[in-house]
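Residue numbers (the numbering used here), protein chains in the order written: chain A, 1 to 299; chain B, 1 to 299; chain C, 1 to 299; chain D, 1 to 299.
Don't read these hints as lab results, they were simulated from the structure. It cannot be assumed that every hint is accurate.
Repeated chains share a single entry, so a pair holds when one copy, or any two copies, can fit it.
To be verified - Here are the simulated lysine-lysine pairs, DSBU-like style, with alpha carbons at most 30 Å apart: (1) K247 - K69; (2) K159 - K69; (3) K247 - K159; (4) K146 - K247; (5) K69 - K146; (6) K159 - K146.
4 protein chains.
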Amino acid sequence: MAIVLGTAQYGKAETRVVRIVRDAPRHEIVDLNVSTALRGDFSAAYLRGDQRDVLPTDTQKNTAYVWAKTHPVDPVEAWGLSLARHFVDDVAPVQGARIEIERYDWTRVLVDGAEHDHTWVRSGQQVRTAAITVEPDATHVVQGVKDLTVLKSTGSAFKDFLQDEYTTLAPTDDRVLATALTARWRLTDPAAATDWNGLAADVLATMLREFATLHSLALQQTLWHMGTAVLTAFPAIAEVRLSAPNKHHFVVDLERFGLENPGEVFNADDRPYGLIQATVERDDAAPAGDAWWAFTGLA
Amino acid sequence: MAIVLGTAQYGKAETRVVRIVRDAPRHEIVDLNVSTALRGDFSAAYLRGDQRDVLPTDTQKNTAYVWAKTHPVDPVEAWGLSLARHFVDDVAPVQGARIEIERYDWTRVLVDGAEHDHTWVRSGQQVRTAAITVEPDATHVVQGVKDLTVLKSTGSAFKDFLQDEYTTLAPTDDRVLATALTARWRLTDPAAATDWNGLAADVLATMLREFATLHSLALQQTLWHMGTAVLTAFPAIAEVRLSAPNKHHFVVDLERFGLENPGEVFNADDRPYGLIQATVERDDAAPAGDAWWAFTGLA
Amino acid sequence: MAIVLGTAQYGKAETRVVRIVRDAPRHEIVDLNVSTALRGDFSAAYLRGDQRDVLPTDTQKNTAYVWAKTHPVDPVEAWGLSLARHFVDDVAPVQGARIEIERYDWTRVLVDGAEHDHTWVRSGQQVRTAAITVEPDATHVVQGVKDLTVLKSTGSAFKDFLQDEYTTLAPTDDRVLATALTARWRLTDPAAATDWNGLAADVLATMLREFATLHSLALQQTLWHMGTAVLTAFPAIAEVRLSAPNKHHFVVDLERFGLENPGEVFNADDRPYGLIQATVERDDAAPAGDAWWAFTGLA
Amino acid sequence: MAIVLGTAQYGKAETRVVRIVRDAPRHEIVDLNVSTALRGDFSAAYLRGDQRDVLPTDTQKNTAYVWAKTHPVDPVEAWGLSLARHFVDDVAPVQGARIEIERYDWTRVLVDGAEHDHTWVRSGQQVRTAAITVEPDATHVVQGVKDLTVLKSTGSAFKDFLQDEYTTLAPTDDRVLATALTARWRLTDPAAATDWNGLAADVLATMLREFATLHSLALQQTLWHMGTAVLTAFPAIAEVRLSAPNKHHFVVDLERFGLENPGEVFNADDRPYGLIQATVERDDAAPAGDAWWAFTGLA
Numbered sequence: 001m002a003i004v005l006g007t008a009q010y011g012k013a014e015t016r017v018v019r020i021v022r023d024a025p026r027h028e029i030v031d032l033n034v035s036t037a038l039r040g041d042f043s044a045a046y047l048r049g050d051q052r053d054v055l056p057t058d059t060q061k062n063t064a065y066v067w068a069k070t071h072p073v074d075p076v077e078a079w080g081l082s083l084a085r086h087f088v089d090d091v092a093p094v095q096g097a098r099i100e101i102e103r104y105d106w107t108r109v110l111v112d113g114a115e116h117d118h119t120w121v122r123s124g125q126q127v128r129t130a131a132i133t134v135e136p137d138a139t140h141v142v143q144g145v146k147d148l149t150v151l152k153s154t155g156s157a158f159k160d161f162l163q164d165e166y167t168t169l170a171p172t173d174d175r176v177l178a179t180a181l182t183a184r185w186r187l188t189d190p191a192a193a194t195d196w197n198g199l200a201a202d203v204l205a206t207m208l209r210e211f212a213t214l215h216s217l218a219l220q221q222t223l224w225h226m227g228t229a230v231l232t233a234f235p236a237i238a239e240v241r242l243s244a245p246n247k248h249h250f251v252v253d254l255e256r257f258g259l260e261n262p263g264e265v266f267n268a269d270d271r272p273y274g275l276i277q278a279t280v281e282r283d284d285a286a287p288a289g290d291a292w293w294a295f296t297g298l299a
Numbered sequence: 001m002a003i004v005l006g007t008a009q010y011g012k013a014e015t016r017v018v019r020i021v022r023d024a025p026r027h028e029i030v031d032l033n034v035s036t037a038l039r040g041d042f043s044a045a046y047l048r049g050d051q052r053d054v055l056p057t058d059t060q061k062n063t064a065y066v067w068a069k070t071h072p073v074d075p076v077e078a079w080g081l082s083l084a085r086h087f088v089d090d091v092a093p094v095q096g097a098r099i100e101i102e103r104y105d106w107t108r109v110l111v112d113g114a115e116h117d118h119t120w121v122r123s124g125q126q127v128r129t130a131a132i133t134v135e136p137d138a139t140h141v142v143q144g145v146k147d148l149t150v151l152k153s154t155g156s157a158f159k160d161f162l163q164d165e166y167t168t169l170a171p172t173d174d175r176v177l178a179t180a181l182t183a184r185w186r187l188t189d190p191a192a193a194t195d196w197n198g199l200a201a202d203v204l205a206t207m208l209r210e211f212a213t214l215h216s217l218a219l220q221q222t223l224w225h226m227g228t229a230v231l232t233a234f235p236a237i238a239e240v241r242l243s244a245p246n247k248h249h250f251v252v253d254l255e256r257f258g259l260e261n262p263g264e265v266f267n268a269d270d271r272p273y274g275l276i277q278a279t280v281e282r283d284d285a286a287p288a289g290d291a292w293w294a295f296t297g298l299a
Numbered sequence: 001m002a003i004v005l006g007t008a009q010y011g012k013a014e015t016r017v018v019r020i021v022r023d024a025p026r027h028e029i030v031d032l033n034v035s036t037a038l039r040g041d042f043s044a045a046y047l048r049g050d051q052r053d054v055l056p057t058d059t060q061k062n063t064a065y066v067w068a069k070t071h072p073v074d075p076v077e078a079w080g081l082s083l084a085r086h087f088v089d090d091v092a093p094v095q096g097a098r099i100e101i102e103r104y105d106w107t108r109v110l111v112d113g114a115e116h117d118h119t120w121v122r123s124g125q126q127v128r129t130a131a132i133t134v135e136p137d138a139t140h141v142v143q144g145v146k147d148l149t150v151l152k153s154t155g156s157a158f159k160d161f162l163q164d165e166y167t168t169l170a171p172t173d174d175r176v177l178a179t180a181l182t183a184r185w186r187l188t189d190p191a192a193a194t195d196w197n198g199l200a201a202d203v204l205a206t207m208l209r210e211f212a213t214l215h216s217l218a219l220q221q222t223l224w225h226m227g228t229a230v231l232t233a234f235p236a237i238a239e240v241r242l243s244a245p246n247k248h249h250f251v252v253d254l255e256r257f258g259l260e261n262p263g264e265v266f267n268a269d270d271r272p273y274g275l276i277q278a279t280v281e282r283d284d285a286a287p288a289g290d291a292w293w294a295f296t297g298l299a
Numbered sequence: 001m002a003i004v005l006g007t008a009q010y011g012k013a014e015t016r017v018v019r020i021v022r023d024a025p026r027h028e029i030v031d032l033n034v035s036t037a038l039r040g041d042f043s044a045a046y047l048r049g050d051q052r053d054v055l056p057t058d059t060q061k062n063t064a065y066v067w068a069k070t071h072p073v074d075p076v077e078a079w080g081l082s083l084a085r086h087f088v089d090d091v092a093p094v095q096g097a098r099i100e101i102e103r104y105d106w107t108r109v110l111v112d113g114a115e116h117d118h119t120w121v122r123s124g125q126q127v128r129t130a131a132i133t134v135e136p137d138a139t140h141v142v143q144g145v146k147d148l149t150v151l152k153s154t155g156s157a158f159k160d161f162l163q164d165e166y167t168t169l170a171p172t173d174d175r176v177l178a179t180a181l182t183a184r185w186r187l188t189d190p191a192a193a194t195d196w197n198g199l200a201a202d203v204l205a206t207m208l209r210e211f212a213t214l215h216s217l218a219l220q221q222t223l224w225h226m227g228t229a230v231l232t233a234f235p236a237i238a239e240v241r242l243s244a245p246n247k248h249h250f251v252v253d254l255e256r257f258g259l260e261n262p263g264e265v266f267n268a269d270d271r272p273y274g275l276i277q278a279t280v281e282r283d284d285a286a287p288a289g290d291a292w293w294a295f296t297g298l299a
C-alpha cells in the first residue's frame, strides 16, 4: 500500500474582470467573475514543494486581464475557450484547463426615455454561467444560469404522494411554486457553436415558458419538462442538469382570525427547503469527460 | 445617580409577507419583508419582567399577515400607515409604532412575447424601502431604495484633491464611477400623498438621470445633484439622505505587458471602498421627529 | 426656502488591516477591519465638485496602514484615538473624525499541547467593536461586541403577556432563549481609561453571567439586567445600548407521532425574529454628542 | 436517439435540528443542519408527475426531527447512518439515501470560572461536516470540516516558480499563509468505526499540526503533508480531499512613506484568491461508489 496524490487542480478564483468597450460613444460593458484552474502533473509541487512547473495563480490572474484586452470577451464562451487553450498550448506543464465564468447583466439607464450611452443599472438576480474545459483530447463547454428566481402563483399541485407514519403534509391542488434555479447545459460539439448568446437566451426562454405553462404536478415534473423542451429544441445540446430549491411559500392560517385565505397571503420561508435535482440527457450523448469536474463552488 | 431605561423598542423583524391578488386571471404579486416595532412605556417588562403591557412579537407577525389580507398592500406606504395606526390606536400601551418595509420587484415572464398571467421572475438588485413612523403627535413616511447598483464608464473625474504626506493616489480625468446606492427621502406631509408608487418611480428616474448626465468631479457632487434635483422636482419631499459606497473599479496596469489600457479593463474591487454620505434638505423643513429612528439594520 | 447640505461625512470603509508583531519568536496578530470618516465643512466638494479640501479616501486607507506600523494597534481604542486625532489635528479642513473598528479574534493552534508561536485559528462568532469619535470639543469611545451568539436551554419563560384578537402564542414556563447580541457601551471619559482590553473582557463576562444566571421572564428583562450589571460594576461606563434578535427555537410538535417533546427537539428558525432594543444609562451621564453617529452599517 | 432521465435525487435541505439533552441538570446541546436526499427510480414523478412513490420532503423533515428524539444525535455519523438506513429499509421505493450534516460547536459560558450547566456561546468559525451515503450494496461515511480558518505569520515561502510573459509576482522567502480549509476524509469501513468524535478531533489536530510545523514551500505542499499525515496516522481512512483558498495577505508598500515593512502590516484581500485542491489517497483504497455524490452545495 502506498499513499498517492489523486486528482488535483489549482488556479485563481473569482477574478473580477470588467471590460468596457469604448470604441464608439455608445459604450458596452461586460462584467465577469473569472476562475481559472490548471490540471496536469504538478505532483512535484505537492510532494516536494518544487514550483518549477507551477505557473502562479497571480500569473493566471494577469493573463485573464490581458485576455480581456486582447480578445473579445463577448461571448464569454469563445473568450474562455481562447484563454483555456492558451494555458494548455502555451504553458508546457499544463495538460488541462478549466475556466469558470459568471456574467452579471447590466441594463442601460433610461434618461427621458432614451437609453444612455455609458450608464447602466444592474439587472436581475440571475447570473449567466459558462464552464470551459480543455483536456488533452477533448474540449467541453457547459452554459448555464444560476439564481434564476421564478414564481408562479397558480398552476401547481402536490398530492397523491407516498405516505408513511411521519407524513403530515396536506395535499394541495393549488400552491405557489417558486425556485432559484440553477441550470447547466452541455454542448455536444463546442466547435460547432456559432451564436453563444443567442443560444443562452433561447434556452432560458424555453425553460421559462415550460415553467410558466406546464400545470405542474410536482417540481420534478417541471424540471423534466424544462429539460426535455431544451433538448428537443436545441439539437446541439447533449444534456441539461437542473438543481431547484423549492422555495416554500406557506399559506398563512387566517381561519384563526375568522378570515379565508384562498391562496392570497403567504409566508415565504427560508429553511428548510425541498431540493430537486435531475439530469435530462440524450441516450446517445457524447461522453462528458471532465466537463462536470468543477473548480469553485465546493462548500 | 441612578441607572435608568433610555430609549427602547421591540417588535418582529423580517416577516416575509407575500400577497397574491387573484381576483382576476391576471394575478398580481406583492413581495414584502415587513418589520414592526412598538414604542411607549414598556419599562415594567424590562425592569420586572412584567409582560402585561407587552403585545408579543408573534402577535405582531400575525397582525401583519391579517393586514395583508384585509387591507390593500399596494402601495406599501398606505398599508404600513394603516398597520402602524392599528398598533397605536387599538393596543392600549402602545404610544408609537415603526413599520419598515422592503419590497422586492418581480417582472412577468414573457411567453412567446406575451406577459404571463401568473408567472414572474425577480428583477433587479435594488430593493424599494418604506419606513412609517407613528408618534403620539406626528406621522412620518420615508420612502427609499437600497442596493441600486449603477455604473457609468465615463463622465467622472477625481483630481485637484487635498494632498498630504500619505497621498499616493493619481488624479484622473476619466474613471469608472459605480455605487450601490441607498437613498431615503422624507415626505413633509404623508397625509397629502396621493400616488406613492408614482412618486417613488419618478424620484428614482430623477436620481438616475442626474447620475448619468452630470459630469462628475466627485461622488460628493453627484450625490448633491441627485438630492437637489429631487427636492427641486418634488415639493412634497422635505429631505433626502444618501449613502453611496464607491465601488472601486481599478484600471489594470497592462503596460507591464506592452499593452495600453485606456479605461478598458478594470479590476472590480470589494474592500475597502470609499463611502460618501450626505443629507440634502430644505432649510424650512418640518421637524423630522422620530422619522429616522430605525429599527432594523443596526450592525 | 432654500435647498441646503445637511449632515455629511465621507471616508474609507472596511480597510482590512492585519498587523503581525514579530519582535520575538512568539508572534502576535491583530486582525482589524477599519473604517475612517472625516467630518467638517466639505460643502465645496458637494456643491461645486471642488476637491481642494478633500483628503482622498485612498489617503485615509494609506494612513491606516502607516498607523498600524508606527503606533501600537493593541488596544484598538488607543490606536483609533491616535488615528482620529491625526486627521483632526494634522489635516486642516477636518473638524471631526470617526474611526470604526472590528477586531477578529484568533487563538493559537495547539501542537502536542503547546501553543504555537506563529499559527492561529479563528475563534468564535463574535466580533469586538470600537467606535472613536473626535469632535472639536469632545472625544468619545464606544466599545462593543456584535454577533455574540449565546443560548440557554432552560431558565427562560414567556407568559402573562398582553393578548388581543390576533394573539395565538401559547405561554411557556420553559423555553430556549438564544440571541446574537450586539452591545455597545460608551465611556464617560475616554482619557481616563487605562486597560481597554481588560474592560472589554470584564464587560463581556458580566453580560454573559447575567444572561446565564437570570431566570428570564422576557428578553427585555435579560437586557435590562445585563445593562444594569455593567453600569453597576463599571463606573467608567455612561450607557449601554443593546440590540438582541430573539433567535427563535421552536419546540417541534412530536405528539403527532406519539412522542413527547419536553424541550428536547427544536427547529431553529431564521425569519422572522423578535428584535428587542434598549438603552440602559446613568441619569447623570455626560452628553453623548456625536458618539452614536455611525458611519458604516446603514442598510 | 431518445431523451432520458439521468441521475436524480431529491430531498429536504438544511433542516435546522437543535437537540437538547436534559436528563441531568448539566444539559448538552447538539446543533445541526441536516439535509436528506433520496435516490432510486423516481422517474414516474419526473416523467408523468406521478407522486405515488415520492415520500414528500416535508416527511423527510419530520423524520429528521423524530430521529433526533428517538436516536442519539451524538455522534452525528451514527445518527445519520441510522436515518439513512431507515429511508432505504423502511420506505419501499427508496434505493439509496444521502444524509449531509453540518454541526455547529458551542462552548459552555464560564460564570465565575465555572462552566454553566445550560448556557453556551457559539465557538469557532469552523463547521464539522458528515456525509452518509447508503447504496443498495455499500455504505459510505465522509467526515469533514469546512471554514477552518487558519493563518501562520511565518514559515511559508513561494519562489522558484514557473515564469511566463505574464508573470509579475515577486518571489518571497517569508509570507503569511492563510486559508479557510475544507477537508473531507472517507472511511474505508464505516461499520468498523467506534469513536467518531475522537477520530474527527484527532484528524483535525493532525492537520493543524502539519499546517503549523511544516516549513511550506507552497500551499500545495502543505495540503499534501496534511493529507499524508492523516492517512499515515489513521489506517481507517481511505482518502482525504482538501480544498484550500489562499486567503492572500499582501504586504503593504510602506517604503513610499519612508517606512520599512518586514512582514508586519498586511492588507487582507477578498478576491481573487488562489484555490488549491487535491486528493490524497491510498492506492489500494476501496471504491468510493457514490460517497462523493453531493446533494447540497451546488452553486
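We went through each hint and held it up to the structure:
1. K247 - K69: The answer is between: 21 Å across copies meets 30 Å, while 41 Å in one copy does not.
2. K159 - K69: between (55 Å within a copy, 26 Å between copies)
3. K247 - K159: Intra 18 Å, inter 33 Å, cutoff 30 Å: intra-copy only.
4. K146 - K247: both (15 Å within a copy, 24 Å between copies)
5. K69 - K146: within (27 Å within a copy, 33 Å between copies)
6. K159 - K146: within (28 Å within a copy, 38 Å between copies)
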